[in-house]
Amino acid sequence: MSLRMITACLALTSACSVSCANNASQADTDVLTVGLTGTVSTLDDTASTSSVGFTVTSLGVERLMRVAPDGKLEPHLAKSVAHPDATTYLYTLRPGITFWDGSALTADDVAFSMNHARRAKSQLASFFASVRDITADDGDTVRVTLKHPDASWKYTPTLAPVFQKAFAEKHGDSHGKPGVLVMGTGPWKFADLAATRGVELVRNDDYWNGRPAFGQIKIEFLADDTSAAFAFRAGEIDVAFPADARSYESISGTKLVSSGPTCSSMVMSMNTKLEPWSDIHVRRAVAHAVDREGIVKALGDDVTPTSQLIPRPMWDGAVPAAEADKLYESLPTYEYDLDKARSELARSAYPGGFSATINTSSNLTETSIANQALAASLAKIGIRIAVKRVPNSQWLKQLYGPRADIPVFTMPIGCGTVPDPSFYPGILLDSAAATEGGTNVADYTKPEVDRLVRVGLRTDTPEKRLSIYRDLLHQVSEDVPYVPLYSLEGYVALSEQFVWPGFDEMYSVQPWALSIKAKA
Amino acid sequence: MNGVSERTASGRHGTANRSDVTAGLCFAFLAVICALALGPSMAPYDAMGANLTIGLGPPTESHWLGTDALGRDILSRVIVGARAALLGPLIVTLVSMVFGNALGLIAGCRGGWVDSVVMRWVDLMLALPGLLVAVVVIGALGGGYWVAVAVLGVLLVPFDARVIRGAALEQIPRPYVEAARTLGVPWWRLTLFHVWPNVSAVTVANSFLAFAMALVSLSGLSFLGFGADAGQPDWGLMIAENRTNLFENPASVVAPGCLLILTATCVNLLGDWVYQRLSERGLSR
Amino acid sequence: MSVRSTAFLLFKRLVAACLLLAVISLAVFSLVYLSPGSAEQILAGGKGSIPPEQLQRLRAEHHLDEPLLTQYWIWVKDAVTLDFGQSIQTALPVTDELGARLRVSLFLGGYAFVLTTVAGVLLGLFAALRRNSILDRAIVASTLVGLSAPAFATALLLLYAFAILVPVFPAFGQGTDFLDTLWHLTLPALALATSSTAFLVKHTRTAMLGVLDQDHVVFARARGLSITTVLFRYVGRNALIPITTISALTFIQFVVGAVLVEVAFSLQGIGSLLVQAVAAKDVPMVQGVVMLVAVIVIAANLVADLFSMAVDPRVRLGGRAA
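Residue numbers (this note's numbering), protein chains in the order written: chain R, 1 to 520; chain C, 1001 to 1285; chain L, 2001 to 2322.
Here chain R stands alone, though its shape is the one from the complex (with noise of 0.2 Å):
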């Protein structure tokens, strides 16, 4: 699927007659106002569990590397990487880059930050599993050893902060939180942070990789994509990045850009252990009465359908995209049948179906449609759904157990901070998740599985992969533990003077703001 253009402005020029006289104080564009939903309580990513903090944070402070849109990784602080060994990465830095108080970047900073992150409270500390140490080797290079093989490993640099190790030392357990901020090299300096309403961030003028074209950043909190999508048809905010497309389209008046299909996806899953959904008739009887384009319908359009565990996106800039095409033409699926599902169903212990609930965590609300959709489909098999809504802190409980009450659950994966084809295996079916507190919520356990899933994260040979992946991915449509729904896309809304050409979901780890440039 091919990106979706923003053409917005042309079917808009109705609607602008109205939002332009008012943004007439907005017509500068020297100021970008953004609008987020949610809040951010600490520029530390280490300690932030805010949804919002990399896209709120990546405007300050930058990584070593990033995933370009293609999926290919780049040297971003770093010049280079060199990998002398398996479990060896070399880490050069790129000449002349400043702090915004004007002092070097240097090696000692880049593994002071990475342990930063490593450290045991870090938010980013299972990024980092496989890490036996991190050390500067001298002026600019950084060396990580790694325990055993690791082929996730390379995606983690693109996402651990780099601090200067000064400022963060001298500010102990306040670095980040209000008042304190951070000190970083990006292209915007943060200027304030007031939890409650928003953050502002100023140009940094002396930024290593061109002058950044906004003066100002403004970014405000919303409460709900809802009243963002009304502050953006009432021309309060230029930017925006909604979960719900659909009502945000619908709302805000405007089209909205897509990244097309990403890694990420919503998954439902049936827990292996807990009747009735312990009998695999059952799980196969859902995989084929699961309308995805009756779903994706529901939610605008606004999705894709997949069937597949690991979804294909996860594979560009992995291997030729011939290749993928033909591992994922070969890979079993259940089609929507209810025929079949029917009479999976009649061969289970169930043949009349019986009843479950599914609860929508209070953080995610916009996956109510989804699951009300997803009842309406089984409830065609006599599986009947109860939808409810429960507070975020009891849905995680229920989701990390012990996992008794609850048996399925349908939740977004994002994979936008490591796009390996090793990430849904490793969350989803290493028995070793399947505990209390993991994220097997399946509780998927299968000694073939788990050796697949090892065997698949210790290997780099892109053929090798492959065909380790396939035949994990014919385990997993054997015992059908989980049923992917939909991928996921990247969305922004954009006001009329803006474009940002080439916007993909990797936005948020990077400083995104210099991809939005003022229209000619």
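By construction, these hints were calculated from the structure, which means they are not laboratory data. Please note: incorrect hints may appear among the correct ones.
[To be verified] Only some residues are given here: those of chain C computed to face chain L with a beta carbon under 10 Å:
| id | residue |
| --- | --- |
| 1 | R1018 |
| 2 | S1217 |
| 3 | S1219 |
[Unchecked claim] Pulled from the structure, derived: some chain L residues nowhere near chain R, Cβ distances all over 10 Å:
| id | residue |
| --- | --- |
| 4 | L2014 |
| 5 | A2119 |
| 6 | L2125 |
| 7 | L2231 |
| 8 | A2248 |
| 9 | A2299 |
| 10 | L2306 |
[Claimed, not checked] A few chain C residues that face chain R, going by a derived Cβ cut-off under 8 Å, partial list only:
| id | residue |
| --- | --- |
| 11 | T1053 |
| 12 | R1243 |
| 13 | N1245 |
| 14 | E1248 |
| 15 | P1250 |
| 16 | A1251 |
Ideal placement from N, C-alpha and C gives every residue a C-beta, glycine not left out.
Since chain R is already given, all that's left is putting chains C and L on it; use the hints.
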């Protein structure tokens, strides 16, 4: 009883009639809503029946008020929604009426420390932000429509209690109470069989207001996600869920919104009308 | 005598208030404690795959493994020194957040209160003076519609009408300086006021009617005094007391009970804070908000009582058992 006293001088007859006409209209509207709620279902489609193939759409010949994102017929949902709109508030009203009457009568008729304790509590409860209390309790208990109904029922008790106490206090100085006391009627008999019948009209009038308040508050809780479960045909929830479709199918928001506001307004107007009749009767006495 | 009795009453009320705060805080603490959620998953960012020892450390750090009463006692010890701890969601001090939110809520509440009072008293007055006329009915009926509309629906309507169709007011945000804040909070304040004007109109109208029918007023008007003079000299003062009482209650309800409007307009007030905190099982934050609201309510009640004692001699002389 025409209820127009000598003090309402000439020229006000017409207006009194006008208010009766308004009340009549309100009554007729509410009767229609009741018929929708209680009668055999007039909904053309299954209110919960999703039709994923048609999805969201504006009004058409087959769907007079259009459909929502899941292809559910708005007209059917609005009609079936009348049931939830009446049932929940009705239970809230009954709960608050029973306990409110009991507390109000006891406070009014016994007086003394009982009265001051009850009234202190009532003052406090009235000052509490009801919605916030509901949010804490429902959020902690896990939510759901019936928890919301129960919480609102309790929250409205002091509202009833205060009014009933006031009405009871008005009765205490009357001769019949004195007479009954002299005859040695125990206080609970006096309260239940002598005073209460005389304040029951106030109870009725007040119940209308409580009903309207419950209806509006329940819809607010649904908006916050603490009321009816996702997808239920509940007017308040329909406004909240469909507000994102405001521009594609305005009817999906406007229809439940208008019905909700009209119903609450009619109930409020009827309550006012009953009050007015009562006070006119009071004047003519 | 009067001063001493007032002081004694104040003392009594303060003791009662402290007891009440203790009861409310324990009740809410237990309620949230018993609620079926997990704060450590919120602390851990909700991502899962957190090593057990890390979860254990988080639980220990926030005393989540302690029994209810121990946890409550830990909270009380800090709370009496006005330290309400750190929010589970943001790791920032609860009092900072409360302070920032309270400013918004007070401004919004005050603004809505002014709108309601001005509109309510004026409309009530007109309605009373033109009793049973079309105007009277129109005023009463239209404010009744406002009362019957859920506040979030009114908010949506105003948002649609005045931020999008005729964009004269902003759709979100809470402003920076006074005038900017005033401009930003106009629509939310209007939405709030719409839902409550009916009460004030009704009370003003009833109070005015009661006074207008009194013999001295009828006589004054018969003497040919202008209606304005009568209003100010005879009517206003007597109608003042019930209106003040109802006003105080309205103001408090606006400050602490604006959650629907706050959510509809994305305002960061105390109501929306409570909704978020409850969903995240953020006990320190829930407790902080509840204590703040309780103190405001109790204080306002006390002030209203003192005020009516000062104004109304009947109350002052103990006509009401307090």
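List in ascending order the numbers of the hints, as given earlier, that are violated by the structure.
15, 16
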